[in-house]
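Model the full assembly from the supplied sequences, consistent with the hints where possible.
Protein chains in written order, with our numbering: chain A, 2 to 455; chain B, 18 to 499.
Hints listed in this document are in silico derivations from the structure and should not be mistaken for laboratory results.
It is possible that some hints are incorrect.
Mimicking DSS-like on lysine-lysine, the simulated pairs with C-alpha atoms at most 25 Å apart in a straight line are [claimed, not checked]:
1. B:K382 to A:K263
2. B:K401 to A:K263
3. A:K277 to A:K131
Some, not all, of what chain B presents toward chain A, calculated at C-beta under 8 Å [what the hints assert, rightly or not]:
4. A282
5. H389
6. R391
7. V393
8. T394
9. T402
On a predicted model such as this, the values are computed, not experimentally measured, just so you know.
All C-beta atoms in this analysis are idealised placements derived from N, C-alpha and C, irrespective of residue type, glycine included.
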Amino acid sequence: LKVIIIGAGEVGFHIASHLARENKDVLVIDKNADALRRVSDNLDVQILQGSGSSPVVLEEAGLRSAEIMLAVTNSDEANLVACLVANIVSPATKKLARVRNADYDTYHETFREQAPNIETVINPDIEVVKTIHGMMKVPGAVDVGEFAEGRIKFVGIYLDEHSPFNQVKLMDLPGQLGGIRPLIAAIMRDEELIIPRGKDQFLAGDLVYFITASEQLEETLAVFGKQEAPLKSVLIIGGGRIGYRLAALLEDEPFTCKIIEKDPAKCDKLAGRLNKAVVLCGDGSDQNLLAEENVGDMDAVVTLTDDEETNILASLLTRRMGVRKCITRISKFSYFPLMTTIGIEQVVSPRLSAINSILQHVRRGKVLSAMSIKGEQAEIMEAVAMETSAIVAKPLRSVGVPKGALVAAIMRQEHIIIPSGETTIQPDDRIIIVARREVIPQVEKILAVKLEFF
Amino acid sequence: MHWRHVFKVVGVLTITLAFTMVIPLLVGLFYRDMSVRPFLMAIAATLAGGIALYLAGRVDRSAFVSQREGMAIVALGWVVAGFFGALPFYFEGEFPTFVDALFESVSGFTTTGSSVLTNIEAVSKGLLLWRSLIQWLGGMGIIVLGIAILPFLGVGGMQLYKAEVPTPVPDKLQPRIRDTAMILWKVYALITVAQVIALWAGGMSLYDAVNHAMTTLPTGGFSTKNASVAQFDSLYFDLVISFFMILAGINFSLHYQLLRGQTLAFWRDSECRFFLGAVLVLTLVVSFDIWRSVYATMGEALRYGLFQVVSIVTTTGYATADYEQWPAMSQLILLLCMFLGASAGSTGGGMKCLRIMLCFKFCYKELFSLIHPRAVTHVKIAGKTVPDDVLRSVLGFLALYMGLFGFCTVLLAGLGVDMVTAFGAVAATLGNIGPGFGMVGPVENFAQIPYLGKWLLIWCMLLGRLEIYTLIIFLVPEFYRK
Numbered sequence: 002l003k004v005i006i007i008g009a010g011e012v013g014f015h016i017a018s019h020l021a022r023e024n025k026d027v028l029v030i031d032k033n034a035d036a037l038r039r040v041s042d043n044l045d046v047q048i049l050q051g052s053g054s055s056p057v058v059l060e061e062a063g064l065r066s067a068e069i070m071l072a073v074t075n076s077d078e079a080n081l082v083a084c085l086v087a088n089i090v091s092p093a094t095k096k097l098a099r100v101r102n103a104d105y106d107t108y109h110e111t112f113r114e115q116a117p118n119i120e121t122v123i124n125p126d127i128e129v130v131k132t133i134h135g136m137m138k139v140p141g142a143v144d145v146g147e148f149a150e151g152r153i154k155f156v157g158i159y160l161d162e163h164s165p166f167n168q169v170k171l172m173d174l175p176g177q178l179g180g181i182r183p184l185i186a187a188i189m190r191d192e193e194l195i196i197p198r199g200k201d202q203f204l205a206g207d208l209v210y211f212i213t214a215s216e217q218l219e220e221t222l223a224v225f226g227k228q229e230a231p232l233k234s235v236l237i238i239g240g241g242r243i244g245y246r247l248a249a250l251l252e253d254e255p256f257t258c259k260i261i262e263k264d265p266a267k268c269d270k271l272a273g274r275l276n277k278a279v280v281l282c283g284d285g286s287d288q289n290l291l292a293e294e295n296v297g298d299m300d301a302v303v304t305l306t307d308d309e310e311t312n313i314l315a316s317l318l319t320r321r322m323g324v325r326k327c328i329t330r331i332s333k334f335s336y337f338p339l340m341t342t343i344g345i346e347q348v349v350s351p352r353l354s355a356i357n358s359i360l361q362h363v364r365r366g367k368v369l370s371a372m373s374i375k376g377e378q379a380e381i382m383e384a385v386a387m388e389t390s391a392i393v394a395k396p397l398r399s400v401g402v403p404k405g406a407l408v409a410a411i412m413r414q415e416h417i418i419i420p421s422g423e424t425t426i427q428p429d430d431r432i433i434i435v436a437r438r439e440v441i442p443q444v445e446k447i448l449a450v451k452l453e454f455f
Numbered sequence: 018m019h020w021r022h023v024f025k026v027v028g029v030l031t032i033t034l035a036f037t038m039v040i041p042l043l044v045g046l047f048y049r050d051m052s053v054r055p056f057l058m059a060i061a062a063t064l065a066g067g068i069a070l071y072l073a074g075r076v077d078r079s080a081f082v083s084q085r086e087g088m089a090i091v092a093l094g095w096v097v098a099g100f101f102g103a104l105p106f107y108f109e110g111e112f113p114t115f116v117d118a119l120f121e122s123v124s125g126f127t128t129t130g131s132s133v134l135t136n137i138e139a140v141s142k143g144l145l146l147w148r149s150l151i152q153w154l155g156g157m158g159i160i161v162l163g164i165a166i167l168p169f170l171g172v173g174g175m176q177l178y179k180a181e182v183p184t185p186v187p188d189k190l191q192p193r194i195r196d197t198a199m200i201l202w203k204v205y206a207l208i209t210v211a212q213v214i215a216l217w218a219g220g221m222s223l224y225d226a227v228n229h230a231m232t233t234l235p236t237g238g239f240s241t242k243n244a245s246v247a248q249f250d251s252l253y254f255d256l257v258i259s260f261f262m263i264l265a266g267i268n269f270s271l272h273y274q275l276l277r278g279q280t281l282a283f284w285r286d287s288e289c290r291f292f293l294g295a296v297l298v299l300t301l302v303v304s305f306d307i308w309r310s311v312y313a314t315m316g317e318a319l320r321y322g323l324f325q326v327v328s329i330v331t332t333t334g335y336a337t338a339d340y341e342q343w344p345a346m347s348q349l350i351l352l353l354c355m356f357l358g359a360s361a362g363s364t365g366g367g368m369k370c371l372r373i374m375l376c377f378k379f380c381y382k383e384l385f386s387l388i389h390p391r392a393v394t395h396v397k398i399a400g401k402t403v404p405d406d407v408l409r410s411v412l413g414f415l416a417l418y419m420g421l422f423g424f425c426t427v428l429l430a431g432l433g434v435d436m437v438t439a440f441g442a443v444a445a446t447l448g449n450i451g452p453g454f455g456m457v458g459p460v461e462n463f464a465q466i467p468y469l470g471k472w473l474l475i476w477c478m479l480l481g482r483l484e485i486y487t488l489i490i491f492l493v494p495e496f497y498r499k
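Structure, rendered in structure tokens:
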């Protein structure tokens, strides 16, 4: 399977790295020689210097023999033109493009049906805003993901020292929980991801990921002592594309929303387009401004400027002023491991979410959706079990699920089953699997979904 | 400044006016009344005047119209039209002095509806029709009419249009200004015809129906009866006229949208909602106030309350009741209605709902920035930001309006008029309403105002119709500087 990636920026780099690790043939095109060098120095992929919108370059890259082309440069226009040219050079190649301008939002379908026939238009801004919105709806949680059209929730919470589950072994959990049975999918401890077994135990400071049916979410959170009053007031720092989208989304809901932006021209534009939100012109890390606007009394702060240092600073600052919840936008992946150490719990990354959606579309076969969790050490996938697959028709215990992977939930028609060793998967069940990065190829093998890339 | 070009355009407009006088002349001939001779004289004089003006400016070949020239054409056009329009009144001899005839004519063109006639029914039918016709012409605007029918005004038409229809946010319905003007006039004529039919079907004579329709749609208010609409004493006529007054008080581009099939046009426009809401609330308040204190039943209170509120707030000025006998609160509400006025882009006068809305929103914005000193806020209408220059001109307009109101009131009182009358007369003429308070109340007229006072009120009417800026600009020395 051959994949051509146009744009060797952060997104292009990380997709290339994922795909290369999964043994795909990857070719990266970029104009910038330095960016390409970084790719070729670190990854086992081919590189080509030139413009991704040039038919000559695309021919040279062997577009005709490629199944997938990803246009993920920083420029919407460059991506669209690259797809248009690619559509002429090689109509059979599937094309995916990253397009972020909100004006294109309603045209994604049109792009698919008409030239340039882009299979999927990816706008990470939409995903990020959805993620932030999900986090705000579950204030006690650190990370929230959705599967099976929102019927299954994947939630991460921190265990603090006072938690009743401190030092409890997983196998003893059902006794303590009573009726509800969340499935503990993963534990992050000291930057290490653990797919837990029965004899693993919880420790204070763990970030615990569990999977639960949506309607049991509240109860489950209550058991863990993480049920909190809903958020009502939100401060957004940074009025760029994502900040605007979030504010516009919150306008339709019972939130009071303030938004701080440094650039007066952008403020003007925001004030013109937003009707309820209060637009403030100033620096998000300016203590006077924050005090003047009574930030300490607000429920949540979302820092979304392009400058992650400002975001981190503003989050720490507002946290100290008494804000209950801070969501911080981080772009550099190298910062992720530091966040917990400096006390920032909730992080969003448009790039990570772009990578997630692209991977999900690349694996389109029978994998319905996928999401990376903190630090990209593991992935959660939703897939359909096929008749031919090794996982079907025997008890899970004897399937040989690799160590480091876990079948977390099964959806059979309308029922959600939290599986045990005795559970048997039937054809056409939808299964949710948590897997560490390095065992993903093995998981694909047992699913036999394997490599049903298109 | 190309004065010759201004003269040329005004000359053509005057010649057009002479032709419109043929209509009342024919009516006069039909009824064989005494208006035939005055009209023949007036037509001759107007034609001569128009041709003279045209010849004075003939040598100028420039087609470009600057904003300044646009204002000069419109201002001069209105003054000249008022002058020549007064000639039939003067020649018939019903008016003691020329200033009375001029007052009546300007009151007509500006759609004010204030009259100096004590016995309207004694006037010949041809002349009464002329009186209604000039209101109808003035309502949509004589310059807009000129743009629609005179092709050579197409160039620079936008400057003229802006000077005559100075809404805060002008809407151009068509790419070409000429087509826009044509559409507005067609819509205007169509609704007028609808009202003629509605009144005629209710049993009014065709002559009265035509006259009343022609003075309802421009929110003018001249009636052919001494006691105005009260003379008919018919619930049906009250309701029909109220309905058409409300229509006339709504932005005509909304009527156009409605006729094009956008059924929700009224509801989607925030100014229209404000206007209709104001009419509803004020009617209910006034009706409650006059219920029992003036009228025995709620039905009667509603009937007269509605008509009076609508008549004043749309700046029409018909009367079915003497509101000076009403409680103080209702009278004050009606006085405030004189300032509120109808919608921008309608034929009504006053300050206009849109400006009042913008003013309220601006005040709220100021309060808001006291609470959030660093907030960036915009004044918005229907989710769209109102540009700062529009806002500034609106606030400037409101300040000028109130300033002029105060100044003219003092002047009028200085001429020996009592306080209530001075207030009422200036408010009624500046807002192009018609009846005021005191000596110029709904059952009286402006005949008692002193000679110089009539001159003053003539200017008030013109200032109100042209929304101040177009006329007052002539007082600014900078205007004449080369």
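If any of the earlier hints don't hold here, list their numbers in rising order. 4
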